[in-house]
Amino acid sequence: MNKNERIKIIINNLRLKNAVSIKDLTRHLGVSEMTIRRDLSLLVIDKVIELIPGGAIFKSPESQERDEEKYLIANAEAERAREKVRIGQKAASLIEPYDTISLDVGSTTEYIAKFIREDIPVTVLCFTLNVLTEIYRKKNCSPIFTGGYYHDNSLMFESPEGINLIKRTRIDKGFIAAAGVHDKLGVTCANPYEIETKKTTFTSSKTKILVVDSTKFGRTRVSYFAELKEFDVIITDNEISDYYRSVIKNLGIELIVV
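Going by the numbering used here, the first residue of the sequence shown is number 1, and it counts up by one from there.
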C-alpha cells in the first residue's frame, strides 16, 4: 500500500469517527507508528487534521476555508472529540490491575477502551459493538459481553439475559455516560432502551464514575436513569461552569477536570 492509499484510508476513518488513534491506524494499515506520524504530518500541513495526544481529529472543509470561524457549529463535533479523548485518557488511568470495570454506551467510553493499558490484566463488561471491537484486541483484557438485540443508532446490545448477566457481575469501577446532567432533574440518556442496562450496571458497580463532556451539564434528555448525587466521581473537561462545579462540590462528589 502506497502513501496516497494510506492517506485516503486515514481521511475516510476521520470522516466517519472525527478522531483516530495512531495505534489503531498502525494496526489497520500494517505499517510502523513512524510511517503513520509522517502521513499525519502531511495532513496537518494541508490543514485537513489537527493532532491530539496519541492521534488526530478531522478538520471539516468549513474550518479549512474559514479558520477564523473556529467555533462554528460545523466544528463542534471535532471539538467535542478532543475533549472526549482527554476524558477517556484520564478515565483509563484510573483502572488498576485486576479491576473488573464496565464501559457504557457512547463515544466517550470507546476512548476509555482505546486507552486501557496493554500491560495490565483487566476484566471489561460491555454491551456495545464499538467498545468490544477495542478491547478484544488487548491481550490482557478479558471481555464479558452481554449480547442481545442490536440497536444500530447507538451500537448497543440489550436483552433480559444481558441484564441478568450484569446482575451476577460485581464491578469495581463502572464508567457511565450520559446525554444530560441536571442538578434537579437528574442524569438522563437519549434512548429509553438504555435505561434498564444503565440502572443495572449502576447497581452492580462499587465505584460509579460519570464520564461526560461539559456540554451535557444543564441539559436533560427523555430517559432518566440516576440522580447526580448517586455518583462517586465525575470526569469532565475544563469548560464545566462554575455553577456545576459548586453543585458537585456540595454533593461531595469527586470532580476530575481534564
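A portion of the hints provided could be inaccurate.
[Said to hold, decoys possible] Keeping only pairs whose Cα atoms sit at most 30 Å apart, straight-line, the calculated BS3-like set for lysine-lysine is:
(1) Lys139 with Lys47
(2) Lys8 with Lys23
(3) Lys138 with Lys23
(4) Lys206 with Lys184
(5) Lys139 with Lys206
(6) Lys199 with Lys17
(7) Lys229 with Lys138
(8) Lys90 with Lys206
(9) Lys90 with Lys249
(10) Lys47 with Lys8
(11) Lys138 with Lys184
(12) Lys184 with Lys139
(13) Lys47 with Lys3
(14) Lys3 with Lys23
(15) Lys3 with Lys138
(16) Lys90 with Lys3
(17) Lys249 with Lys229
(18) Lys90 with Lys47
(19) Lys206 with Lys229
(20) Lys249 with Lys184
(21) Lys138 with Lys90
(22) Lys17 with Lys184
(23) Lys139 with Lys23
(24) Lys138 with Lys167
(25) Lys23 with Lys47
(26) Lys139 with Lys229
(27) Lys249 with Lys206
(28) Lys3 with Lys17
(29) Lys199 with Lys184
(30) Lys138 with Lys8
(31) Lys199 with Lys249
(32) Lys90 with Lys139
(33) Lys139 with Lys167
[What the hints assert, rightly or not] Label pairs and their calculated CB-CB ranges:
(34) Thr133 with Arg15: 15 to 25 Å
(35) Tyr136 with Leu94: 15 to 25 Å
(36) Ser142 with Glu196: 39 to 49 Å
(37) Thr35 with Asn153: 29 to 39 Å
Don't read these hints as lab results, they were simulated from the structure.
Given the structure is predicted, the values throughout are model-derived calculations rather than measurements.
Think of the CB as a built atom: it goes at the ideal place given N, C-alpha and C, for glycine as much as any other residue.
Checked hints:
| no. | hint | result |
| --- | --- | --- |
| 1 | Lys139 with Lys47 | 36 Å, violated |
| 2 | Lys8 with Lys23 | 17 Å, holds |
| 3 | Lys138 with Lys23 | 12 Å, holds |
| 4 | Lys206 with Lys184 | 24 Å, holds |
| 5 | Lys139 with Lys206 | 25 Å, holds |
| 6 | Lys199 with Lys17 | 28 Å, holds |
| 7 | Lys229 with Lys138 | 34 Å, violated |
| 8 | Lys90 with Lys206 | 19 Å, holds |
| 9 | Lys90 with Lys249 | 20 Å, holds |
| 10 | Lys47 with Lys8 | 15 Å, holds |
| 11 | Lys138 with Lys184 | 40 Å, violated |
| 12 | Lys184 with Lys139 | 43 Å, violated |
| 13 | Lys47 with Lys3 | 18 Å, holds |
| 14 | Lys3 with Lys23 | 17 Å, holds |
| 15 | Lys3 with Lys138 | 28 Å, holds |
| 16 | Lys90 with Lys3 | 33 Å, violated |
| 17 | Lys249 with Lys229 | 10 Å, holds |
| 18 | Lys90 with Lys47 | 28 Å, holds |
| 19 | Lys206 with Lys229 | 15 Å, holds |
| 20 | Lys249 with Lys184 | 15 Å, holds |
| 21 | Lys138 with Lys90 | 19 Å, holds |
| 22 | Lys17 with Lys184 | 33 Å, violated |
| 23 | Lys139 with Lys23 | 15 Å, holds |
| 24 | Lys138 with Lys167 | 25 Å, holds |
| 25 | Lys23 with Lys47 | 22 Å, holds |
| 26 | Lys139 with Lys229 | 36 Å, violated |
| 27 | Lys249 with Lys206 | 21 Å, holds |
| 28 | Lys3 with Lys17 | 21 Å, holds |
| 29 | Lys199 with Lys184 | 18 Å, holds |
| 30 | Lys138 with Lys8 | 27 Å, holds |
| 31 | Lys199 with Lys249 | 24 Å, holds |
| 32 | Lys90 with Lys139 | 21 Å, holds |
| 33 | Lys139 with Lys167 | 26 Å, holds |
| 34 | Thr133 with Arg15: 15 to 25 Å | 18 Å, holds |
| 35 | Tyr136 with Leu94: 15 to 25 Å | 22 Å, holds |
| 36 | Ser142 with Glu196: 39 to 49 Å | 24 Å, violated |
| 37 | Thr35 with Asn153: 29 to 39 Å | 35 Å, holds |
In summary, the numbered hints that this structure violates are 1, 7, 11, 12, 16, 22, 26 and 36.
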